[in-house]
Amino acid sequence: MRILLPAAVAAFVIGIGGYLRRPDEPVCLAAAAMGGGYLLWLLGEARITVRQPDELAAENHTLLPYALARIGTGVSAILWPMHREHLSPWLAVPAVVFVAAVVLRLVAIRTLGRFYSHHVVRYRDHAIVTSGPYRFARHPAYTGMLLANTAFVAFFGNPLSLLFLIALGAVIVWRIRVEERVLFTVPGYPVYAGGHARLVPGVW
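In this text, residue positions in the sequence shown follow the working numbering: the first is 5, and each later residue adds one.
Since the hints were made in silico from the structure, they are not lab data. Among these hints, one or two may not hold up.
[Unchecked claim] Ranges of calculated distance between the beta carbons of each label pair, as one might list FRET restraints: (1) His-90 with Ala-131: 49 to 57 angstroms; (2) Trp-94 with Pro-27: 19 to 27 angstroms; (3) Ala-197 with Gly-40: 31 to 39 angstroms; (4) His-65 with Phe-188: 15 to 23 angstroms; (5) Trp-84 with Tyr-120: 25 to 33 angstroms; (6) Gly-206 with Arg-118: 25 to 33 angstroms.
The model shown is predicted, which means the values in this text are computed figures rather than measured ones. We put the beta carbon where it would ideally sit given N, CA and C, even for glycine.
Between the sequences and the hints, there should be enough to build the whole structure, so can you do that?
Dropping the structure here:
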């Protein structure tokens, strides 16, 4: 993770710089702004990304595929040449969804507090959090992750980033199943899980 994060940041800086070299094209300025938003998101989670948990992780084998799929989605979108020639009002839709999804994810992370980690950890004093977005779903941080990346891919619209997005979705489902094998050992979690969907209320 300490290698992937700087590499991803460098790739985004290169991609954003490429769009900023064409300031006379509004669609390029919009692409640079979207790329800048994703870069700020990466940097905003950087401390959590490289932080090691205070207690031994229950598993680590899902972390690298998750990181590669997430970074691959964003980097492939920003570096692939954008074929849109005009700035369409419809591009505001994925931009708004992206911002809202990142906010959802950050609120979910803040709500969990010290119990949040990119690693799967079973803390000795692990407690079930049911406030904030956890009133509606068991894994709202993943919901925000998927929505934000879906919006980002929709904005740039290239096939490679779509493939990475599909991989990201598959890895997240895998991680959720691995995490929940650990979480179901936390007192109260089975009851909580029985009344809350994993990602989207009423769907899954």
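Assessment of proposed distance window 31 to 39 angstroms (beta carbons of Ala-197, Gly-40): holds (38 angstroms)
With respect to the beta-carbon atoms only, verify the hint that His-90 and Ala-131 lie 49 to 57 angstroms apart. Once the Cβ atoms are compared, 52 angstroms apart, the range 49 to 57 angstroms for Ala-131 and His-90 holds.
Does the Cβ pair His-65, Phe-188 satisfy 15 to 23 angstroms? Holds, at about 19 angstroms.
C-beta pair Gly-206, Arg-118: status relative to the range 25 to 33 angstroms that was hinted: Since the Cβ atoms of Gly-206 and Arg-118 sit about 30 angstroms apart, the hinted range of 25 to 33 angstroms holds.
Given a hint of 19 to 27 angstroms, does the C-beta separation of Trp-94 and Pro-27 actually sit inside it? holds (22 angstroms)
Please check whether Trp-84 and Tyr-120 have a Cβ separation lying inside 25 to 33 angstroms. Since Trp-84 and Tyr-120 have Cβ atoms about 31 angstroms apart, the given range 25 to 33 angstroms holds.
Violated hints are absent here; each numbered hint is respected by the structure.
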